[in-house]
Amino acid sequence: MDAALLDPDPALLDAAAVVERLRTDPQAGLTAAEAGRRLVAVGANDIATVPPTPAWRKLLAQFHSPLIYLLLAALIASLAVWVVEGAGGWPVDAVVIAVILVLNALLGYAQETRAERAVGALARMAATSATVIRDGAPRTVPASEVVPGDVLLLDEGDAVAADARLLSAAGLEVSEAALTGLSEPVLKDARTLTESAALGDRADMVFKGTAVTTGAGRAVVTATGMATQTGQIAGLVRTADHEPTPLQREVARASRLLGIAVLVIAVVVIATIVGVFGIHNAQDAVTAVLLGVSLAVAAVPEGLPAIMSVVLALGMRRMAGQNAVVKELSSAETLGSASVVCSGKTGTLTTGEMTIVRVVTPLGAVTVTGAGHRPEGRLERGGAALDEGGDLWCQAALVLAAGAASAGDAAVELQDGRWTVRGDPVGAAFLVARRKLGGGLPPDPAGATTGDPDEVLGRSTRVRAGDRLGPLDESALAAIRADAERLALDALHAVAVAYRVDGDLVYLGMVGITDPPRPEAAAAIAEARRAGVRVVMITGDHPRAAARVARQLGIEDAESAVSGAQLAALDDEQLRETVRLHSQYTQIDPAGKQRIIDALHADHEIVAVTGEGINDAPALKSADIGIAMGRSGTEVAREAANMILADDNFATIVQAIREGRGIFANIKKSLRYLLSSNMGEIFTVFFGVVLAGAVGLSQGDTVALPLLATQILWINLLTDGAPALALGVDPQTEEVMSQPPRAASDRVIDGRMWNNIVVIGAAVAAATLVTIHLYAPDGPLPSSVDTARTAGFTVLVIAQLINTVNARSETRSAFHRFFANRWLWAAIGLSALLQVAVVQLPVLNAAFTTTPLSASQWLVCFAVASTVLWVSEIRKLVLRRWAADRRGRRSRPQESKSV
1 MDAALLDPDP ALLDAAAVVE RLRTDPQAGL TAAEAGRRLV AVGANDIATV PPTPAWRKLL
61 AQFHSPLIYL LLAALIASLA VWVVEGAGGW PVDAVVIAVI LVLNALLGYA QETRAERAVG
121 ALARMAATSA TVIRDGAPRT VPASEVVPGD VLLLDEGDAV AADARLLSAA GLEVSEAALT
181 GLSEPVLKDA RTLTESAALG DRADMVFKGT AVTTGAGRAV VTATGMATQT GQIAGLVRTA
241 DHEPTPLQRE VARASRLLGI AVLVIAVVVI ATIVGVFGIH NAQDAVTAVL LGVSLAVAAV
301 PEGLPAIMSV VLALGMRRMA GQNAVVKELS SAETLGSASV VCSGKTGTLT TGEMTIVRVV
361 TPLGAVTVTG AGHRPEGRLE RGGAALDEGG DLWCQAALVL AAGAASAGDA AVELQDGRWT
421 VRGDPVGAAF LVARRKLGGG LPPDPAGATT GDPDEVLGRS TRVRAGDRLG PLDESALAAI
481 RADAERLALD ALHAVAVAYR VDGDLVYLGM VGITDPPRPE AAAAIAEARR AGVRVVMITG
541 DHPRAAARVA RQLGIEDAES AVSGAQLAAL DDEQLRETVR LHSQYTQIDP AGKQRIIDAL
601 HADHEIVAVT GEGINDAPAL KSADIGIAMG RSGTEVAREA ANMILADDNF ATIVQAIREG
661 RGIFANIKKS LRYLLSSNMG EIFTVFFGVV LAGAVGLSQG DTVALPLLAT QILWINLLTD
721 GAPALALGVD PQTEEVMSQP PRAASDRVID GRMWNNIVVI GAAVAAATLV TIHLYAPDGP
781 LPSSVDTART AGFTVLVIAQ LINTVNARSE TRSAFHRFFA NRWLWAAIGL SALLQVAVVQ
841 LPVLNAAFTT TPLSASQWLV CFAVASTVLW VSEIRKLVLR RWAADRRGRR SRPQESKSV
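By the count of the working numbering, the sequence shown reaches residue 899 at its end, each step adding exactly one.
If you are wondering where the hints come from, they were derived from the structure by calculation, not from laboratory data. Ideal Cβ positions, reconstructed from N, Cα and C, are used throughout, including at glycine. Treat the hints loosely; a few may be bogus.
To be verified - Each pair of labels, with its calculated beta carbon distance range: (1) Val843 to Gly278: 51 to 61 Å; (2) Val83 to Arg256: 34 to 44 Å; (3) Arg418 to Ser866: 55 to 65 Å; (4) Leu72 to Asp9: 55 to 65 Å; (5) His816 to Gly278: 45 to 55 Å; (6) Val267 to Trp754: 17 to 27 Å; (7) Glu485 to Thr461: 17 to 27 Å; (8) Thr733 to Val83: 46 to 56 Å; (9) Arg256 to Ala846: 45 to 55 Å; (10) Arg256 to Ser866: 33 to 43 Å; (11) Arg752 to Gly554: 51 to 61 Å; (12) Val83 to Pro780: 23 to 33 Å; (13) Val99 to Arg249: 24 to 34 Å; (14) Thr461 to Arg486: 20 to 30 Å.
Please build the complete structure, drawing on both the sequences and the hints.
If you want it as structure tokens, here you go:
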């Protein structure tokens, strides 16, 4: 039925023709029975959402990762080793890997389910109802039950439930920002359009998802659900898939690299053992294969998936506590890599609350302090409080009183600790401004009116200045129009105020209204700039209004905005150059916003985008991370986004960037520690075999291995567990917001990290092999091979535990904030106690082929293991000096040039 109305556009049809096509009655509406039949025929008036993922599928999705596949391979290899060794006891390493996999999946499932509930709660808060005429009488029904042919009754504060053709309108203004992006309400008129027009210019139509700000009207529903303009946009959004996040792409790449490395390690170690020792019997072959496979399993950072999930989950919880609801674990880190944040203006950078900031009367201009709907402020002139009771104060107070008297049904109420507005936002602004003046106010003038200055002046015949009434002559009109022009130049919306005296309309003055910036937004933008994140403001508003906000917030090139018309004239290459230079875009439609995002992506930027309207949904979907508004956002925008701001506040985005960077930094710390420690094990076995004679492991025809398979698996269990996880919750430092965002091409495991992995791995291996040599039968402190191997095994564990402190920073000293992470010290202490038990307890000596060490031997082990700390400190000192030298070399040419 409603599909027939799409051609021609109902906006171009006479209202009577629309009513006839829909077989309805403009006065009596539909009958309840007919409405029920149509509801069955066309379906509920809902925007179709993505069907909820079944719990079992959501749980299985947690295993869909290259790193998880690598761990599954390690699990199979561990089981194979256990079977080859005789399947005695429990396959400890395989069990540990299996537990990690299961816990990781459960943790990811729980956190994403929690986020879904939070998003669902926001959607339920946005549920609406509608007033329709059924069986000749008004009736309030759920918006989902509205059908084509229903006659809607529209009043101030109503949400428009469906697309509808106006039958009548009385001062009806509708906020269509959610659909078109234009912040100013649109004046509606039931007269038929004479030609096709853009959505924002279809004055005889109202659309689903918009809101009535003032006036009243009656309209016949032409489309519901997915047939509405909102539904059509939502349908387009649902067809697009999210790209993997930067972290997901990097982990996949690192996992493939590690998979290749594991195979190479296994082959090289087995080949080395065979080449050095030779294979004399089947047991030799089994020993070589077991050691090679065990070392390969040890090279896999099996704790990394659990660490990533825990770090991301904790980050999600912290973000939720700060009003940022992240829908998926992987998205929690993405904001940390954002290089550009494209933000709307109204309600995100600004309060979204119309506020009177200036009163201009024939006696002069005064400032009204205080922002938003909170009734706190005063009248000032020149920065000083205006004397209460003076002529100028009284005139300004009279203007505000008259404006409040004409506010109609507007109301400002305190609900749940937050000031909220019902009805006309301009009328509410007058109510708030009048309350700011406290007691001693003049009575509300009779017959007060407000409106556009030209309209009010056209009907006024006199002007009031203090206690004097005078004629509104050409001189007075010129002065008033100059006042209006000054307000316009300051990007303030001018509203004139007048009242009636003896049948004449007397002009009192005018007010300047603005949507003020959020108090915390300027500081947040400054912090973003310090972190190397560019803030780009994209708005549908007028350039003057946007420039005023940009100046107040410190957005770059505030005076150099690009308009929608200028943007449309640029080709793709010109646009790429433009987005590099400009950070403010005004009068931008959804297509223009999408072009800006595409140009930023083409320039290899990682882009975060905010949005609240239906028209924002495509941009939210295509961004690296889409951020929807929780309070003012539409359901379509929330579904398209990765993250939802429960407080609609830009400062929350910057805090989320901080959290995201902290998450990535901690994941990188854990990876740095795990891989450098595992490299130490690989180097120990490889060089211990190749240099067996020099180390003291070769006695005649007998050659002992530096580590046994069981000892390698124990090290893997001990050091890949609690210490690595504790690094994942290392407290954030200011360092995370003093560095530029990483480029899209940057690697998680970059050249500097590989250097660290090799240097620290070599230091760990050297310390281990030196200790084995010390206690070898022909070494400086001769003992048995088992004692030498036990001492080396112990040094390897202690060195790796020391390495956790090294891994907290790539360049800062390990002694910086040495005890900041109490969880790390608890993990180190627990792991050290377990190693003491393995070495000193007879029952574990047999299981791990260890022998007890004396107190002096323990002291030697600690002393030798500590060399890893000093090697790392020297390396970091060199890196810091090298970085300082580079900064100095870059600054010297500039200094000499300036001289």
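ask   = Are Arg256 and Ala846 spaced within 45 to 55 Å by their CB atoms?
value = violated (40 Å)
key: Cβ distance range 23 to 33 Å for Val83 and Pro780, holds or violated   = Violated - the Cβ-Cβ distance for Val83 and Pro780, about 41 Å, lies outside 23 to 33 Å.
key: Range hint compliance [Cβ, Arg752 to Gly554, 51 to 61 Å]   = Once the Cβ atoms are compared, 34 Å apart, the range 51 to 61 Å for Gly554 and Arg752 is violated.
ask   = Range hint 55 to 65 Å: satisfied by the CB atoms of Leu72 and Asp9?
value = Given about 57 Å between the Cβ atoms, the range holds.
task = Hint says 55 to 65 Å; check whether the CB-CB distance for Arg418 and Ser866 agrees.
result = holds (57 Å)
task = May I ask you to test the hint 34 to 44 Å on the CB atoms belonging to Val83 and Arg256?
result = Distance hint for Val83, Arg256 is violated at roughly 28 Å.
task = Hint says 17 to 27 Å; check whether the CB-CB distance for Glu485 and Thr461 agrees.
result = holds (22 Å)
ask   = Using the C-beta atoms of His816 and Gly278, is the stated range 45 to 55 Å upheld?
value = With Cβ atoms ~50 Å apart, the hint holds.
message = I want to verify a distance hint. Is the separation of the beta carbons of Thr461 and Arg486 within 20 to 30 Å?
response = holds (24 Å)
request  = Return holds or violated for the Cβ distance of Val843 and Gly278 against the range 51 to 61 Å.
outcome  = violated (35 Å)
task = Starting from the range 46 to 56 Å, see whether the pair Thr733 and Val83 falls in it by beta-carbon distance.
result = holds (47 Å)
ask   = Per the hint of 17 to 27 Å, is the separation of the Cβ atoms of Val267 and Trp754 within bounds?
value = Check passed, 21 Å falls within 17 to 27 Å.
Hint check: violations occur at hints 1, 2, 9, 11 and 12; the rest are consistent with the structure.
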